[in-house]
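J.: Turn these sequences into a full structure, and let the hints guide you.
Our numbering puts the first residue of the sequence shown at 55, with every later residue one more than the last.
The set of hints was computed from the structure by calculation and includes no laboratory data.
Careful, some of the hints might be misleading.
Straight-line distance between alpha carbons at most 30 angstroms, and here's what the computed DSS-like set of lysine-lysine pairs gives [to be verified]: (1) K121 <-> K81; (2) K84 <-> K217; (3) K175 <-> K243; (4) K347 <-> K121; (5) K228 <-> K182; (6) K292 <-> K347; (7) K72 <-> K121; (8) K217 <-> K175; (9) K243 <-> K347; (10) K162 <-> K60; (11) K121 <-> K363; (12) K162 <-> K106; (13) K81 <-> K106; (14) K162 <-> K363; (15) K217 <-> K106; (16) K84 <-> K72; (17) K363 <-> K243; (18) K72 <-> K217; (19) K60 <-> K243; (20) K243 <-> K84; (21) K347 <-> K363; (22) K261 <-> K121; (23) K243 <-> K106; (24) K117 <-> K162; (25) K243 <-> K182; (26) K162 <-> K175; (27) K243 <-> K228; (28) K261 <-> K347; (29) K334 <-> K347; (30) K162 <-> K228.
So the derived label-pair ranges between C-beta atoms look like this [as the list claims (entries may be wrong)]: (31) F164 <-> N215: 18 to 26 angstroms; (32) E264 <-> K363: 23 to 31 angstroms; (33) H67 <-> A268: 24 to 32 angstroms; (34) K72 <-> S327: 42 to 50 angstroms; (35) Q184 <-> R145: 26 to 34 angstroms; (36) K363 <-> E322: 14 to 22 angstroms; (37) S327 <-> P63: 47 to 55 angstroms; (38) F330 <-> P223: 57 to 65 angstroms; (39) S270 <-> L232: 39 to 47 angstroms; (40) S270 <-> E322: 27 to 35 angstroms.
Don't be surprised by glycine CBs; every beta carbon is placed ideally from N, CA and C.
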Amino acid sequence: MHFLPKANPLYEHISVQKIIIPDVLEKLGKGGFTGYLSYSSADFESYCIFAKGHLICVISTDKGRDKTGFEAISALFDKIIITGGEINVYRMTADLAMCAHALVLGTKLFNGNEVRQVDIKGTMAHLKNQRLNGVVHFYTFEHYAMIFYMNGQPIGFYHDNAKEIESSPEESRKIAALPGARLDVCATKPLEELMHYDLLQLVNLGKLWETAAARSTTSREKELKTPLPEGIDHCDEKLTELVDDLTEVAMAYLSREGGEVIKKRLQEAGGSSILFDSTKTGVFLGQVEQDAKAIDSHARIGEMIDLMKSEIAGRLAV
55 MHFLPKANPL YEHISVQKII IPDVLEKLGK GGFTGYLSYS SADFESYCIF AKGHLICVIS
115 TDKGRDKTGF EAISALFDKI IITGGEINVY RMTADLAMCA HALVLGTKLF NGNEVRQVDI
175 KGTMAHLKNQ RLNGVVHFYT FEHYAMIFYM NGQPIGFYHD NAKEIESSPE ESRKIAALPG
235 ARLDVCATKP LEELMHYDLL QLVNLGKLWE TAAARSTTSR EKELKTPLPE GIDHCDEKLT
295 ELVDDLTEVA MAYLSREGGE VIKKRLQEAG GSSILFDSTK TGVFLGQVEQ DAKAIDSHAR
355 IGEMIDLMKS EIAGRLAV
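T.: Structure representation (structure tokens):
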């Protein structure tokens, strides 16, 4: 579970049945919003963090497994469509949005270390010297506290019972001193660098939402169908679903042209069955990568290819 401060609510407990979530994300971006949107249900949570209208990260955690970027948005949309629920939106300063990024996607300099085994004074001095951007997070099973840092200096404090970002470290010290208290230290890049990445510009939210809705409908239809007799080969069904997934990924990064690339390259290679052959699959993905660079050299093509590899491995796993 991620612990982001809930100090400045813009909206709370808004039913997802009353909104269209891609529109909400787009409006927050266009409005120059800084802060985060959160959603949670049983064993699932998702955070969309904004800085000055840039969607600098999305993370979705399902049963302890984290997904980020495109995959996180897809997981969020799937869960909302299937489960319903509520969203919350909290404002932040831009500096705190940077710290929120550190909490969910930052580099862990300490990860669950017992406070009593750490030289806290020396650690704080090191963070100052290293001009840390990020968060020091103290926690027990029942309580937590955070110190937010920018350029090695503390810029605010927050704990589990706080209604606002505080200026005193007193509660952080109390929680750090509790028996069994542990410590995370999370670091991230300066805000200016984080804002070079904007998922709103990289991903077609409307298309992802339509695909998630269609996937939900297809899943329900399959559940209503009579089960196939034993012994029927499901390879064709697997391949159809896999090609749909690859097309969806390509369109998310390259719009309609991405889907056409998948169709064209599979036809030239001899059909979707080549995806069972690792060598032919490697050639296919190499061609897709070249085509993608020709379409949009600024797209996150490496990330797209990695997602496709993951989809192929997952769908065709025994």
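J.: Take the hints in turn and mark each one as holding or not.
T.: Quick rundown of the hints versus the structure:
1. K121 <-> K81: Since the Cα atoms of K121 and K81 sit roughly 23 angstroms apart, the hinted pair holds (cutoff 30 angstroms).
2. K84 <-> K217: 28 angstroms, holds
3. K175 <-> K243: Holds. K175 to K243 sits at ~23 angstroms (cutoff 30 angstroms).
4. K347 <-> K121: 25 angstroms, holds
5. K228 <-> K182: Holds. K228 to K182 sits at ~22 angstroms (cutoff 30 angstroms).
6. K292 <-> K347: Within the cut-off at roughly 28 angstroms; holds.
7. K72 <-> K121: 26 angstroms, holds
8. K217 <-> K175: 28 angstroms, holds
9. K243 <-> K347: Distance ~27 angstroms between K243 and K347 Cα, so the pair holds.
10. K162 <-> K60: Holds. K162 to K60 sits at ~22 angstroms (cutoff 30 angstroms).
11. K121 <-> K363: Holds, because 15 angstroms separates the two Cα atoms, which is no more than 30 angstroms.
12. K162 <-> K106: Given that 30 angstroms is the threshold and the Cα spacing comes to 25 angstroms, the pair holds.
13. K81 <-> K106: 12 angstroms, holds
14. K162 <-> K363: Distance of about 27 angstroms is within 30 angstroms: holds.
15. K217 <-> K106: With Cα atoms ~23 angstroms apart, K217 and K106 stay inside 30 angstroms; holds.
16. K84 <-> K72: Holds - the C-alpha atoms of K72 and K84 are around 20 angstroms apart, at most 30 angstroms.
17. K363 <-> K243: Holds, at about 28 angstroms.
18. K72 <-> K217: Between K72 and K217 the Cα gap is close to 27 angstroms, so the pair holds against 30 angstroms.
19. K60 <-> K243: Cα-Cα ~23 angstroms, so holds.
20. K243 <-> K84: 24 angstroms, holds
21. K347 <-> K363: 17 angstroms, holds
22. K261 <-> K121: Roughly 19 angstroms between the alpha carbons, so the hint for K261 and K121 holds.
23. K243 <-> K106: The given pair, whose Cα atoms are some 16 angstroms apart, holds under the 30 angstroms limit.
24. K117 <-> K162: Roughly 21 angstroms between the alpha carbons, so the hint for K117 and K162 holds.
25. K243 <-> K182: 15 angstroms, holds
26. K162 <-> K175: 18 angstroms, holds
27. K243 <-> K228: 29 angstroms, holds
28. K261 <-> K347: Satisfied, since the Cα-Cα distance of roughly 21 angstroms is no more than 30 angstroms.
29. K334 <-> K347: Holds, because 20 angstroms separates the two Cα atoms, which is no more than 30 angstroms.
30. K162 <-> K228: 23 angstroms, holds
31. F164 <-> N215: 18 to 26 angstroms: Between F164 and N215, where Cβ atoms are some 24 angstroms apart, the hint holds.
32. E264 <-> K363: 23 to 31 angstroms: 24 angstroms, holds
33. H67 <-> A268: 24 to 32 angstroms: Roughly 29 angstroms apart at Cβ, these two residues keep to the hinted range, so it holds.
34. K72 <-> S327: 42 to 50 angstroms: At 45 angstroms between Cβs, range holds.
35. Q184 <-> R145: 26 to 34 angstroms: 29 angstroms, holds
36. K363 <-> E322: 14 to 22 angstroms: Hint holds: Cβ distance 20 angstroms, inside 14 to 22 angstroms.
37. S327 <-> P63: 47 to 55 angstroms: 52 angstroms, holds
38. F330 <-> P223: 57 to 65 angstroms: 58 angstroms, holds
39. S270 <-> L232: 39 to 47 angstroms: Taking Cβ atoms as reference, S270 and L232 lie about 44 angstroms apart, which means the hint holds.
40. S270 <-> E322: 27 to 35 angstroms: 32 angstroms, holds
Comparing the model with each numbered hint stated earlier shows that all of them hold.
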